[in-house]
Amino acid sequence: QKEVEQDPGPLSVPEGAIVSLNCTYSNSAFQYFMWYRQYSRKGPELLMYTYSSGNKEDGRFTAQVDKSSKYISLFIRDSQPSDSATYLCAMLLQGAQKLVFGQGTRLTINP
Amino acid sequence: GAGVSQSPSNKVTEKGKDVELRCDPISGHTALYWYRQRLGQGLEFLIYFQGNSAPDKSGLPSDRFSAERTGESVSTLTIQRTQQEDSAVYLCASSPRRAVEQFFGPGTRLTVL
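Protein chains in written order, with this note's numbering: chain A, 1 to 111; chain B, 1001 to 1113.
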């Protein structure tokens, strides 16, 4: 079993829809929870991260962490074609530097 | 300012040959990381450098893989006697000391024929 599980999709939604992306994990010691966006043939770029449990909002993006369920989510409101990319969740232990990634979900927003 | 740069962007090699991949981190970033991304997969950690400390090599998949870093600048990842299963995108990232965010380069796409 992988430490971090993420549905690879692909996921295709119409422009303006609310998108929900999710990951589950097995290591309860993870403390930092990240979402990276990766465009085709580019390196990943950090969208946002959360420390421990709770929600964090940044514009159209909201990240949620539920440590009791070992489940994290990224919501994208008013999705745009420019949001089409692969979204990777990643996690980090306190004091560690090695990111543990999910497989990535390929998202397409259709105009 | 300039981001993380990697070279070459693409590398095609024959099975059994050695390859060297280069990473130039963001100036002033003391930490440097190498990851591997196989087609349709997430990133796998390979190795981590922090300043002059001994590197964390725990992710290197075999002794055919090695990496070096000159001080707090350039790093090279070397794969000896390449195998077809080494085909992947090799990504380098850097970060300031003790920072959570890692800044990624565009990667080197390695194809082993």
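Everything labelled a hint here was simulated from the structure, so no lab data went into it.
We treat Cβ as the ideally placed atom computed from N, Cα and C, and that holds for glycine.
A few of these clues could be false.
Claimed, not checked - The list that follows gives simulated cross-link-like pairs (lysine-lysine, DSBU-like), each with its CA atoms no further than 30 Å apart:
hint, chain 1, residue 1, chain 2, residue 2
1, A, K2, A, K70
2, A, K98, B, K1017
3, A, K56, A, K70
4, B, K1011, A, K56
5, B, K1017, A, K70
6, A, K67, A, K2
7, B, K1011, A, K98
8, A, K98, A, K70
9, A, K56, B, K1015
10, B, K1057, B, K1017
11, B, K1057, B, K1011
12, A, K98, A, K56
13, A, K2, A, K42
14, B, K1017, A, K67
15, A, K56, B, K1057
16, A, K98, B, K1057
17, A, K67, A, K56
18, B, K1017, A, K56
19, A, K67, A, K98
20, A, K56, A, K2
21, A, K98, A, K2
As the list claims (entries may be wrong) - Restraint ranges, calculated between C-beta atoms of paired labels, are given here:
hint, chain 1, residue 1, chain 2, residue 2, range
22, B, S1066, A, R60, 23 to 33 Å
23, B, T1078, A, R77, 42 to 52 Å
24, A, R60, B, K1017, 18 to 28 Å
25, B, N1052, A, G95, 35 to 45 Å
26, B, L1039, A, K56, 25 to 35 Å
Stated by the list, open to error - Now the stretches of chain A that chain B is said to cover, found in silico as 3 or more residues with beta-carbon under 8 Å:
hint, region
27, 4-11
28, 83-97
29, 100-110
Results for each hint:
1. Proposed proximity of K2/A and K70/A is supported: the alpha carbons are some 13 Å apart, at most 30 Å.
2. As the CA atoms of K98/A and K1017/B are separated by approximately 29 Å, the hinted pair is consistent with the 30 Å bound.
3. Pair hint K56/A plus K70/A holds up; C-alpha atoms about 17 Å apart against a cutoff of 30 Å.
4. The straight-line distance between the Cα atoms of K1011/B and K56/A is roughly 40 Å, outside the 30 Å bound, and the hint therefore fails.
5. As the CA atoms of K1017/B and K70/A are separated by approximately 43 Å, the hinted pair breaks the 30 Å bound.
6. Between the alpha carbons of K67/A and K2/A the distance comes to roughly 17 Å, so the proposed pair stays at or under 30 Å and holds.
7. Between K1011/B and K98/A the alpha-carbon distance is near 26 Å, which keeps this suggested pair within the 30 Å criterion.
8. The hinted pair formed by K98/A and K70/A meets the criterion: a straight-line CA distance of about 19 Å does not exceed 30 Å.
9. Note on K56/A and K1015/B: the hinted pairing is violated, with a Cα-Cα distance of about 47 Å set against a maximum of 30 Å.
10. Among the hinted pairs, K1057/B with K1017/B is consistent with the structure: their alpha-carbon atoms are about 22 Å apart, no more than 30 Å.
11. Between K1057/B and K1011/B the CA atoms are separated by roughly 23 Å; this keeps the pair inside 30 Å, and the hint holds.
12. At roughly 23 Å between alpha-carbon atoms, K98/A and K56/A fall within 30 Å of each other, so this suggested pair holds.
13. As the CA atoms of K2/A and K42/A are separated by approximately 25 Å, the hinted pair is consistent with the 30 Å bound.
14. Under the criterion of a C-alpha separation no larger than 30 Å, the hint pairing K1017/B with K67/A is inconsistent with the structure, at around 46 Å.
15. Taken as a hint, the K56/A and K1057/B pair is broken in the structure, with Cα atoms around 33 Å apart against an allowance of 30 Å.
16. Taking the CA atoms of K98/A and K1057/B, the gap is near 11 Å; set against the 30 Å cutoff, the hint holds.
17. For the hint pairing K67/A with K56/A, the CA-to-CA distance comes to about 14 Å; that is within 30 Å, so the pair holds.
18. Taking the CA atoms of K1017/B and K56/A, the gap is near 47 Å; set against the 30 Å cutoff, the hint is violated.
19. A C-alpha spacing of about 20 Å is found between K67/A and K98/A, which places the hinted pair at or below 30 Å, so the restraint holds.
20. At roughly 26 Å between alpha-carbon atoms, K56/A and K2/A fall within 30 Å of each other, so this suggested pair holds.
21. For the suggested pair K98/A and K2/A, the alpha carbons sit about 15 Å apart, so the restraint of at most 30 Å is met.
22. At roughly 43 Å, the beta carbons of S1066/B and R60/A sit outside the given window of 23 to 33 Å.
23. At about 45 Å, the beta-carbon gap between T1078/B and R77/A stays in the expected band of 42 to 52 Å.
24. Taken as a hint, the range 18 to 28 Å is violated for the pair R60/A and K1017/B, whose Cβ atoms sit roughly 46 Å apart.
25. Roughly 19 Å separates the CB atoms of N1052/B and G95/A, a value that falls outside the hinted 35 to 45 Å.
26. Our hint of 25 to 35 Å for L1039/B and K56/A holds, since their Cβ atoms are close to 31 Å apart.
27. With 3 residues having a beta carbon nearer than 8 Å to a beta carbon of chain B, the region 4-11 of chain A meets the requirement of three or more and the stated coverage holds.
28. Note: the region 83-97 of chain A has 4 residues with beta-carbon separation from chain B under 8 Å; the three-residue rule is met and the coverage holds.
29. Counting residues of the region 100-110 of chain A whose beta carbon lies closer than 8 Å to any beta carbon of chain B gives 5, which meets the minimum of three for the stated coverage.
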